[in-house]
Amino acid sequence: MFAEARLSDGSRALIWDLLPGDREAVREGFEKLSEETRFHRFLAAVPHLTETMLDHLVDEIDGVDHVALALVVVDAAGNGVPAGVARMIRYSDERDAADVAVTVIDEFQRRGVATALLGELMRRRPAGVTRLVTTVTADNAASLAMLRRLGPTVAEPAGPNRLDVVVELPDHGPDDPESDVVAAAGTDPEHPSAAGDEIL
Amino acid sequence: MQPDERPWASSYAPGVPLDIEVPEESLVDLLEASAERFADHTALDFFGATTSYAELADQVARAAEGLRRLGVIAGDRVALVLPNCPQHVVAFYAALRLGAVVVEHNPLYTEEEMTFQLGDHRPTVVVAWDKVAPMVRRIVEPLGARTVLAVSLPAALPRLKRLALRLPVARAAATRAAMTGPAPGIPRWEKLLRHPAIDPAHPRPTSADVALLQYTGGTTGRPKAAVLTHRNLRANAAQGRAWMPGLVDGGEVVYAVLPLFHAYGLTLCLTFSMSIGATLVLMPRFDVDQVLETMSRRPATFLPAVPPVYERLAVAARDRGVALSSIRYAISGAMSLPPDVAALWESVAGGLLVEGYGMTETSPVALGNPAGDSRRIGSIGVPFPSTEVRVVDRHDPSQDVPTGHEGELLLRGPQVFAGYWERPAETAEVVLADGWIRTGDVVVMSEDGFFTIVDRIKELIITGGFNVYPSEVEHALRELPGIVDAAVVGLASEHGDEEVVAVVVLAAGHELDEDAIRSGCREHVAAYKVPRRVYAVDALPVSMIGKVLRRQVRDELLARLAGSSPAT
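Which chain is which? The protein sequence lines are A and B, in order. Position 171 of the first sequence, counting from 1, maps to 170 under numbering that gives the first Met the number 0, and the rest follow consecutively. Position 512 of the second sequence, counting from 1, maps to 511 under numbering that gives the first Met the number 0, and the rest follow consecutively.
I should point out that these hints are in silico values taken from the structure, not numbers from a laboratory. Where is the CB? At the ideal position from N, CA and C, for every residue including glycine. Heads up, some of the hints might be wrong.
What the hints assert, rightly or not - These stretches of chain B come out as covered by chain A in the derived footprint (C-beta under 8 Å, 3 or more residues): (1) 96–106; (2) 216–229; (3) 540–554.
When you get a sec, could you build the whole thing from the sequences and use the hints?
Right, here's the structure in full:
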C-alpha cells in the first residue's frame, strides 16, 4: 500500500506507512540529519534518538490516531532511498486537533519531499481532525509558510524563538480528493513548492 | 530617515551630530594616523610596561613583514587566540596591514569549541597564547595551517615584574602558571618583531575589505562568524567618537578590562581607543585589586565594561576609599544595566554610567544613551548617528508598528555587517532587503525616541555579558553518561543578569551529581556556558509529537523553585 509522488526535480518517489519494523531505518535516518534539521524537528539539540523516543515514534503508530508516513526516492537504478518522514498525532483531549511533524534528510531538502509527504498526510489524517496545533521555531519561515498553505493560520509567540501555530484545515473530509491542498500547491514539477522542504 | 523623522534628535547630547561622515579609510590608516599625530604618546600600558604610538606602529610594521614571510596574503585568515596583552594589539593590526582577515577566539574555549571554529574558517596562521598553543597546533595542523605562533604574556611585562615571576616562592610560581605555559617546538611570536618593517609600498587594505570574522552563537548550537569590513569597524569607532564630543584626543586613558576577543571590547578598546590616541591599559582579566592599584598609577578616564564589573569596582572602591572620579565616561553594554548598579556607580564615581546597545553584527554599537543628563536609566538609549531604525511586526518585518507598540528592532547603518561567513541561509534569516538586519530583540520606542527592550525573540541567555545559546549546552549535556535528556534555560539572577540552569532526565540507576555534570560539561563548552545549577526531573515537557517545550521547562522550574511543586 503506497502512494506515488513526483518531486519538484522530476524524480519518482513512493510514500508508505511507517511500520514497527522500520525502527532501525528511523534511527539511521536521524543520524543523517544535520544539527539544524534535528533542532527544528525536536526544538532542542538531540544528538541521537533514544529508545524511549523510538518507542513513541515507531511502536506507538496505530494508523488511527497516530499516522506516520515515509517517503522513499526511487533512483535511476530503481532503488529506493529513504528521504523523509511525516507524522500526525491526534490530541487525546481535543479529538478534532492534531500535531504534525515532517522531517526530510538534508540532502533531499528543497526537492518537494516535505510537500509530497504533507499532501499524503492530509489525505490520511485521522478522521475528524479539523485543526493542526503545533509549535515551530520562529526563524523557520519556510515551515510557517507551508503550514499557512494548509489553511487559515494563527501564530502566537511562545517564548524565545517559538511560535504556537493553529491551522484550520479545509472543511471537506480526508478522503475527498479535493482536499489535496498541499499536493496541488507543490508536487507539480512545473510549480515546485515555494516553501521548499523544511522541517516542521 | 530624515532628521525630522528622528524624534530622538533633541535628546542627543550637545555637539553630537545626527549623521557622521564615515572616514573612507582602513583600520590600518586609523592606527597610522594616530601614530603620526601622537607618536610619543603612550599607546599601551601592560602592568606598567609602556609602548608609544610610534613604537606600536613600528612593531605592527615588523610583525606584518614577519607574517608576510610566513606566507600570509590578502584575504587569508589570521586567527588570534589571545587574552588582552600588547601582542594582541600588534597582531591585530599586523594581520590587517597585509589585507588579511583577523578572526578572534576566546582562549578559554574548549578543544571542541576551538576545533569547530578553526575548522570553519581555516586560518593560514594562528597567533595563540602559549598556554593554549599546543592545543591549537593539534587542531590546525590537519587543517593545513602553516604556522602557530606562541605568545608569552610575561614577555610583555616590565623587566622587574618578569624577573619577580621567576622568584622561587609559591605566589610567583602560581602567577607564572596562570600567565604562561610550555609550548615546546612552537615558534615564538616575538621572533616576528625581529624582521624589518614591511615595505610601505606593499598593498594595503581598502575600507571595503573584510577585516574581521567574529563568531557569535547559533540557535542550533553551532556558532557562525559575522563578517565585518574595515568600513564597518571604522564607522563604529567614528560614531563612538561623535557620541562623546567631550573626549580629548590624545588625552584619554582607557582600561581594557573587557576581552578584546569580544565584539564590544574589540571596538571600544582596539579601534575606538586607538582612533582617539588614547592610552590603553591592558588587563588580561578583570581583577578588582589590579584595577584599583592601577587607578593610583595611571587613573582611567574612560571605562567600557559590563554591569557586574561596575558593581564590584564601585563596592571595592567605596570600601577602600579609592577615588574613581577620574572616570568621566563609563559605558555599559552586552547586557541590561540594572538601575541600582547605575545609581551605585554614580554615587561612588561621580561620573555618569550610561547604557549602550549593540550586537556582533553591528560592529557592535548601534544605540546608546546620551552621555549627559538626558540619559535614561532602563532604556538602551537612542540610535547612534547615521544609524537607521525600524520597529516592525515580529512575524512580518515588512510591517512597521506604530510608535509605542512592541515590535522587533531592525537596524541599518555603516556599522551593520553584510552577512555570516559561508552561511547564506543564516544570513538570509537576518539580513533583509536594502541592508536592514533583524536584531531578534523586541523593543518599544517612546514618543521622544528612546528604546526599551521588552522581549527577546532569540533563544539566548546573557550571563556576565556573554551570550549562551541553550542548544549548545544541551548538546554537551546529552553527550554525558547517565543523562538521557536535557533542557537549558536562563533564570534571572542578581542585578539583571541571567544564570544558565539545566534540567536533566537521568538514566535509570543514576543519581544527580551536579559536580560531575558540571565538570563533564566543562570538557565540551567554555566555563561561562556551564550550568550553575542542575535539576533532575522524571521527564521533560514535550509536545505529543516529541518537541521539547522549553518555555514549559522554565515555567515548571520556576514553580518548583517557588515551592509550589514538589521536588523530584
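Verification of the hints:
{"no.": "1", "hint": "96–106", "in the structure": "violated (count 0)"}
{"no.": "2", "hint": "216–229", "in the structure": "holds (count 4)"}
{"no.": "3", "hint": "540–554", "in the structure": "holds (count 10)"}
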